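Chemist: Sequences and hints are given; from them, build the entire structure.
Number of protein chains: 2
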Amino acid sequence: MALPSFQLWLLLLLLAANNAFAVHPRKLAKFSTNVKRFAASGDSFGLPPEFEIHYYTQTLDHFNYKPESYDTFQQRYILNYKYWGGANNSSPIFVYTGEEDDVTYDVDAITDLAARFKGLLLYIEHRYYGESMPFGSEDQAFQNSSTLGYFSSEQALADYAQVVTDVKKNLSAENCPAIAVGASYGGMLASWFRLKYPHIVIGALASSSPILYFDDITPQNGYHVVVTKDFKETSESCYNTIIQSWPEIDRVAAEPNGLLTLSNKFNTCRTLNSSKELKDRLAISYISAAQYDNPPYYPVQNICHAIDGAPEGTDILGRVAAGLHRYPGQGCVNIFSFELSNKSGWDWQTCTEIVMPIGYGDNETMFQAEPFDLKNYTRDCVNCFGVVPRPHWVTTEFGGHDIKTVLGNFASNIIFSNGLRDPWSSGGVLEDISDSVVAIHTEYGAHCADLFPSSPDDPVWLVEQREKEVKIIAVWIAEYYAKLSTKERSV
Amino acid sequence: MALPSFQLWLLLLLLAANNAFAVHPRKLAKFSTNVKRFAASGDSFGLPPEFEIHYYTQTLDHFNYKPESYDTFQQRYILNYKYWGGANNSSPIFVYTGEEDDVTYDVDAITDLAARFKGLLLYIEHRYYGESMPFGSEDQAFQNSSTLGYFSSEQALADYAQVVTDVKKNLSAENCPAIAVGASYGGMLASWFRLKYPHIVIGALASSSPILYFDDITPQNGYHVVVTKDFKETSESCYNTIIQSWPEIDRVAAEPNGLLTLSNKFNTCRTLNSSKELKDRLAISYISAAQYDNPPYYPVQNICHAIDGAPEGTDILGRVAAGLHRYPGQGCVNIFSFELSNKSGWDWQTCTEIVMPIGYGDNETMFQAEPFDLKNYTRDCVNCFGVVPRPHWVTTEFGGHDIKTVLGNFASNIIFSNGLRDPWSSGGVLEDISDSVVAIHTEYGAHCADLFPSSPDDPVWLVEQREKEVKIIAVWIAEYYAKLSTKERSV
Numbered sequence: 001m002a003l004p005s006f007q008l009w010l011l012l013l014l015l016a017a018n019n020a021f022a023v024h025p026r027k028l029a030k031f032s033t034n035v036k037r038f039a040a041s042g043d044s045f046g047l048p049p050e051f052e053i054h055y056y057t058q059t060l061d062h063f064n065y066k067p068e069s070y071d072t073f074q075q076r077y078i079l080n081y082k083y084w085g086g087a088n089n090s091s092p093i094f095v096y097t098g099e100e101d102d103v104t105y106d107v108d109a110i111t112d113l114a115a116r117f118k119g120l121l122l123y124i125e126h127r128y129y130g131e132s133m134p135f136g137s138e139d140q141a142f143q144n145s146s147t148l149g150y151f152s153s154e155q156a157l158a159d160y161a162q163v164v165t166d167v168k169k170n171l172s173a174e175n176c177p178a179i180a181v182g183a184s185y186g187g188m189l190a191s192w193f194r195l196k197y198p199h200i201v202i203g204a205l206a207s208s209s210p211i212l213y214f215d216d217i218t219p220q221n222g223y224h225v226v227v228t229k230d231f232k233e234t235s236e237s238c239y240n241t242i243i244q245s246w247p248e249i250d251r252v253a254a255e256p257n258g259l260l261t262l263s264n265k266f267n268t269c270r271t272l273n274s275s276k277e278l279k280d281r282l283a284i285s286y287i288s289a290a291q292y293d294n295p296p297y298y299p300v301q302n303i304c305h306a307i308d309g310a311p312e313g314t315d316i317l318g319r320v321a322a323g324l325h326r327y328p329g330q331g332c333v334n335i336f337s338f339e340l341s342n343k344s345g346w347d348w349q350t351c352t353e354i355v356m357p358i359g360y361g362d363n364e365t366m367f368q369a370e371p372f373d374l375k376n377y378t379r380d381c382v383n384c385f386g387v388v389p390r391p392h393w394v395t396t397e398f399g400g401h402d403i404k405t406v407l408g409n410f411a412s413n414i415i416f417s418n419g420l421r422d423p424w425s426s427g428g429v430l431e432d433i434s435d436s437v438v439a440i441h442t443e444y445g446a447h448c449a450d451l452f453p454s455s456p457d458d459p460v461w462l463v464e465q466r467e468k469e470v471k472i473i474a475v476w477i478a479e480y481y482a483k484l485s486t487k488e489r490s491v
Numbered sequence: 001m002a003l004p005s006f007q008l009w010l011l012l013l014l015l016a017a018n019n020a021f022a023v024h025p026r027k028l029a030k031f032s033t034n035v036k037r038f039a040a041s042g043d044s045f046g047l048p049p050e051f052e053i054h055y056y057t058q059t060l061d062h063f064n065y066k067p068e069s070y071d072t073f074q075q076r077y078i079l080n081y082k083y084w085g086g087a088n089n090s091s092p093i094f095v096y097t098g099e100e101d102d103v104t105y106d107v108d109a110i111t112d113l114a115a116r117f118k119g120l121l122l123y124i125e126h127r128y129y130g131e132s133m134p135f136g137s138e139d140q141a142f143q144n145s146s147t148l149g150y151f152s153s154e155q156a157l158a159d160y161a162q163v164v165t166d167v168k169k170n171l172s173a174e175n176c177p178a179i180a181v182g183a184s185y186g187g188m189l190a191s192w193f194r195l196k197y198p199h200i201v202i203g204a205l206a207s208s209s210p211i212l213y214f215d216d217i218t219p220q221n222g223y224h225v226v227v228t229k230d231f232k233e234t235s236e237s238c239y240n241t242i243i244q245s246w247p248e249i250d251r252v253a254a255e256p257n258g259l260l261t262l263s264n265k266f267n268t269c270r271t272l273n274s275s276k277e278l279k280d281r282l283a284i285s286y287i288s289a290a291q292y293d294n295p296p297y298y299p300v301q302n303i304c305h306a307i308d309g310a311p312e313g314t315d316i317l318g319r320v321a322a323g324l325h326r327y328p329g330q331g332c333v334n335i336f337s338f339e340l341s342n343k344s345g346w347d348w349q350t351c352t353e354i355v356m357p358i359g360y361g362d363n364e365t366m367f368q369a370e371p372f373d374l375k376n377y378t379r380d381c382v383n384c385f386g387v388v389p390r391p392h393w394v395t396t397e398f399g400g401h402d403i404k405t406v407l408g409n410f411a412s413n414i415i416f417s418n419g420l421r422d423p424w425s426s427g428g429v430l431e432d433i434s435d436s437v438v439a440i441h442t443e444y445g446a447h448c449a450d451l452f453p454s455s456p457d458d459p460v461w462l463v464e465q466r467e468k469e470v471k472i473i474a475v476w477i478a479e480y481y482a483k484l485s486t487k488e489r490s491v
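So the sequence lines, in the order shown, correspond to chains A and B. Be aware that the first sequence starts at 1, since it is given in the UniProt record's numbering, and climbs by one per residue. Be aware that the second sequence starts at 1, since it is given in the UniProt record's numbering, and climbs by one per residue.
Calculated directly from the structure, the hints in this document are not laboratory data. There may be inaccurate statements among the hints.
No copy is singled out in the list; a pair is fine if it fits within one copy or between any two copies.
Taking lysine-lysine and the DSSO-like style, the derived pairs with C-alpha atoms no more than 27 Å apart in a straight line are [unchecked claim]:
#1 Lys471 <-> Lys404
#2 Lys168 <-> Lys196
#3 Lys82 <-> Lys468
#4 Lys169 <-> Lys483
#5 Lys487 <-> Lys168
#6 Lys196 <-> Lys169
#7 Lys483 <-> Lys196
#8 Lys169 <-> Lys404
#9 Lys276 <-> Lys404
#10 Lys375 <-> Lys168
#11 Lys375 <-> Lys169
#12 Lys483 <-> Lys276
#13 Lys169 <-> Lys82
#14 Lys168 <-> Lys265
#15 Lys404 <-> Lys487
#16 Lys404 <-> Lys118
#17 Lys343 <-> Lys483
This structure is a prediction, so every number in the text was calculated from the model and none was measured.
Modeler: Now the structure itself:
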């Protein structure tokens, strides 16, 4: 494959720990984006030739009828016919519901499924990401809240409905069962797509999708509790060192020239302005390691190996510095701001509807307390975008409370897959809801491992996880064909 | 009851056949509105005291985040606690999903259900109808397509989700199962509400809801074929007379002073400008009679009795004129235009998303051919509102094609009720989709008969239809309580 695989991206990430990351909890959701954006940057035109790029003239506003609602933009989608059995065989269509990123970075996510089921691959880019920009360009689209205003999950789902319908029509593939697959936020979209548009997709595979991390459904500290557990289970001493490091950093910072001392000790590329800058930088490295604690690199082990393996007599700060500088030949550590950016699509989404209340009090995690504060959260959004978040909207629109009661006799054909080492699994669906709305989770996996392309080195639990998913999808398709044949016989 | 019942409305309608009606097929959907609006006009403040009027500060635009999306308006809803068992008993809430009308006209529609199940009654007015006007007033709201632009079914459903959530919260009634009930377009909303918001309502009763009269799902002539069948079954000679009347009208109209002759013969309140005016006027009387061919008045019989019962020797035109003048003491017949009105909410809806392709060719019905013509339809909408209809949007957003395949293993707890004498039943769901998404229809009923308040004179088939519905709803509620008690035990 010409594109870097997820693993390679991860490797690149870990090798380049001075990449720009946001540590503030509200920014965590965009992690997967950052990981991929960094790693794949400059690679988006290197698509193998079997991936065809197309554009659909998309309606700007599906739900209103104002004059400007009728404006259109070019939405990018990608087709790959390589594995497809064709419309005559009613072969399936795998619809990748693009998440918060350039969709070309995702093209190897579901090729294994297509190969297995003779599927057509259809990757749809989410509006306001990649090239799918309303108003002609990213600059125009991100001008202000009037141009960004059409940027919502509901509009994105309606976009997907339009594109799938159009592609099916163009290929005379109306009888081909479509199945939505998505990762992280894209997996939330996949499951919501099945729930809201069951006439468009017969099922959905939602990988690592924290659809319950809204409102008061999930404990706010869920994310960081899992990060903490990952570290503690990997190494109790590593975990203890990290816990002890925070007050130690504060103590040194309070000394005369303390920030300079810390800057030297951690080899930061510029002098620190506050101890918080350093603590955020450390936190992001732990958090990203936990979120992507997948084979074959297992970055949590990696960090803890560096922390625990520092020469005897190394002090607490020396150990956590070693964790940050765990790669050979690594240069200085970049320090950066965690402010919201009015050029970030994901920041916009967290400032409007994707309000995940992530926070934690004292002694709940291995981090210093950082409670969720809707007031500050809202103030930041108003300052950055001029918008007020709607923190209760997602549960009103998509549900989530009492999900087992609500969906126990409603809906069908959804897989919620999670790796329990993924901090996002804390907001995921981890329990079967019904016979066909099921949870698959692995003790060892982290974020989206099942959607990485398979490799001969994959551990057994990952092979088994994928095989379970394939078996379930096979049932969906078989049931669909059974109904189709009944219908055709009755015509 | 202080309010006129549906039957009374119908009676008033039939006694006052010179009321303003639109005959053009695109306007038929608003029939129920017209019937009720006429009959109940001036009565909206005559609500019995147990009906409490409330207002909810509703978001103008749920799906976008433009500055103006955050505007609000006062949405009216009505509560009636008379029958309610209370939040402590988790007694149900019946949510009337308001249709294209002032919601105060509907308050007796579901009182029987509330009485039966100790239900709270909650009637929610549809945005842009009654008093629920964005921009402060009807005049402001109907100014142009910029102010009307937020007027869509999706926004209305989201409104309902917000109101139900808010009412439950205010009453600490989160554990009370809510059930949506709606009539005609409101029934479409009730079923879509259950499909899109299963976390808000545990089930839906959709009475006389032609959710399949979109796109190419239902034959375009369905509506008029049922009207025709109603007349033919009632009286073959009446039916034949009507068929023969159209060319006869054209023939007379073509004579010197023909329109004057016709005006005199039919006692029109003003001289006819075309034979079409008369034919439309006759058609509307047949259509309305068929749509509301319910007990105890059975207007089709009534018309046919007048046509067939005219003195021997009466010519064709004399007979159909007798049909039009079948009430004692009736004055002249009003003739009016069938143009779209930019003050009509329903016309707006038919010009945006509620595009029901109703039309018919030669000899398919008892009417002269009037094929559906999307081009003309669109032109009229552009002229009236400056908007272009989206004729395929409803099936993309809400489905409808292959409904049995799609919903066979998806969704639950929906009743689609229809009376087969109702022309709208042609676009209704008439076949069970699954064990719990079921169709109930009666051979004799017409539009929304099951939601009229019961009367000791109701025929057996109507009593049985309602009893079936009640039994099914009882199962929904029992299943919900069973789950609730499991949940509470496990807490």
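Chemist: Does each hint hold? Answer for all of them.
Modeler: Taking the hints in turn, this is what the structure says about them:
no. : hint              : result
1   : Lys471 <-> Lys404 : both (23 Å within a copy, 25 Å between copies)
2   : Lys168 <-> Lys196 : both (19 Å within a copy, 23 Å between copies)
3   : Lys82 <-> Lys468  : within (24 Å within a copy, 53 Å between copies)
4   : Lys169 <-> Lys483 : within (20 Å within a copy, 42 Å between copies)
5   : Lys487 <-> Lys168 : within (19 Å within a copy, 42 Å between copies)
6   : Lys196 <-> Lys169 : both (20 Å within a copy, 24 Å between copies)
7   : Lys483 <-> Lys196 : both (21 Å within a copy, 24 Å between copies)
8   : Lys169 <-> Lys404 : between (36 Å within a copy, 20 Å between copies)
9   : Lys276 <-> Lys404 : neither (41 Å within a copy, 58 Å between copies)
10  : Lys375 <-> Lys168 : between (46 Å within a copy, 25 Å between copies)
11  : Lys375 <-> Lys169 : between (47 Å within a copy, 22 Å between copies)
12  : Lys483 <-> Lys276 : neither (60 Å within a copy, 48 Å between copies)
13  : Lys169 <-> Lys82  : within (19 Å within a copy, 52 Å between copies)
14  : Lys168 <-> Lys265 : neither (59 Å within a copy, 57 Å between copies)
15  : Lys404 <-> Lys487 : between (32 Å within a copy, 10 Å between copies)
16  : Lys404 <-> Lys118 : between (33 Å within a copy, 26 Å between copies)
17  : Lys343 <-> Lys483 : neither (47 Å within a copy, 46 Å between copies)
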